[in-house]
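For what it's worth, the working numbering labels the leading residue of the sequence shown as 6, then goes sequentially.
Hints were generated in silico from the structure; no laboratory data involved. Here a beta-carbon is modelled for each residue, glycine too, at the ideal position from N, C-alpha and C. There could be a bad hint or two in this list.
[Said to hold, decoys possible] Beta-carbon label-pair distances, calculated as ranges: (1) S38 to L100: 17 to 27 Å; (2) S122 to A184: 43 to 53 Å; (3) L124 to I33: 15 to 25 Å.
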Amino acid sequence: MIKTSYELAAMLLVTVSMTFMHAAQAVIIDFESATVGTDQTANYMEDGFRLSVLVGDYDVNPSDAFIGDGQYLALERTNNGILQSTVKIDMFGALFDFQSLVSSSFGGRITFSDGTSELFGDFLTEPVTVAFSGHTNLTWIELSSRSNDFFRVDNISLNVPEPSTLALTAVGLTGLGFARRRKNVQKNGDRS
Numbered sequence: 006m007i008k009t010s011y012e013l014a015a016m017l018l019v020t021v022s023m024t025f026m027h028a029a030q031a032v033i034i035d036f037e038s039a040t041v042g043t044d045q046t047a048n049y050m051e052d053g054f055r056l057s058v059l060v061g062d063y064d065v066n067p068s069d070a071f072i073g074d075g076q077y078l079a080l081e082r083t084n085n086g087i088l089q090s091t092v093k094i095d096m097f098g099a100l101f102d103f104q105s106l107v108s109s110s111f112g113g114r115i116t117f118s119d120g121t122s123e124l125f126g127d128f129l130t131e132p133v134t135v136a137f138s139g140h141t142n143l144t145w146i147e148l149s150s151r152s153n154d155f156f157r158v159d160n161i162s163l164n165v166p167e168p169s170t171l172a173l174t175a176v177g178l179t180g181l182g183f184a185r186r187r188k189n190v191q192k193n194g195d196r197s
């Protein structure tokens, strides 16, 4: 009876784990649902990610020769070139991995919550897809204009890791249940 109970519990554990475990989910922020306009400061939400203004403002522009793939985000120096525009992208504290973006710019900077940053510049003639590696388990990224002109970005590709916390919790609780049951069986001397 005990062996059968363990087999059933193991099957249940595998089923529960498979229910909660999914592959990492790719998300692309393409700004297609954003309101087109200049000097915007309101938060923008897309696919669970929030874009918020830290300094200055941002523009959402329709497609043109610089990006060419629908609407895109533009960050420019404001206040007569004195103040750089900076926006923050996060998932309200959840972790994600940064994969790539499309850019055309005179100058921009991406700062990552892991303490690193990347500089961009002089992608004027065509959009460039920039791939990243090693930027995992981030809680936010910041995009900033860097020069006296603009930093244009589109199709920001991010991965959201699998929701393994619930699966690990289920495994732990099941293990505690088995340990308690085994202790009770040994205590009572019942080994049916």
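Evaluated hints:
no.: 1; hint: S38 to L100: 17 to 27 Å; verdict: holds (24 Å)
no.: 2; hint: S122 to A184: 43 to 53 Å; verdict: holds (48 Å)
no.: 3; hint: L124 to I33: 15 to 25 Å; verdict: holds (23 Å)
Violated hints: none; the structure is consistent with every hint.
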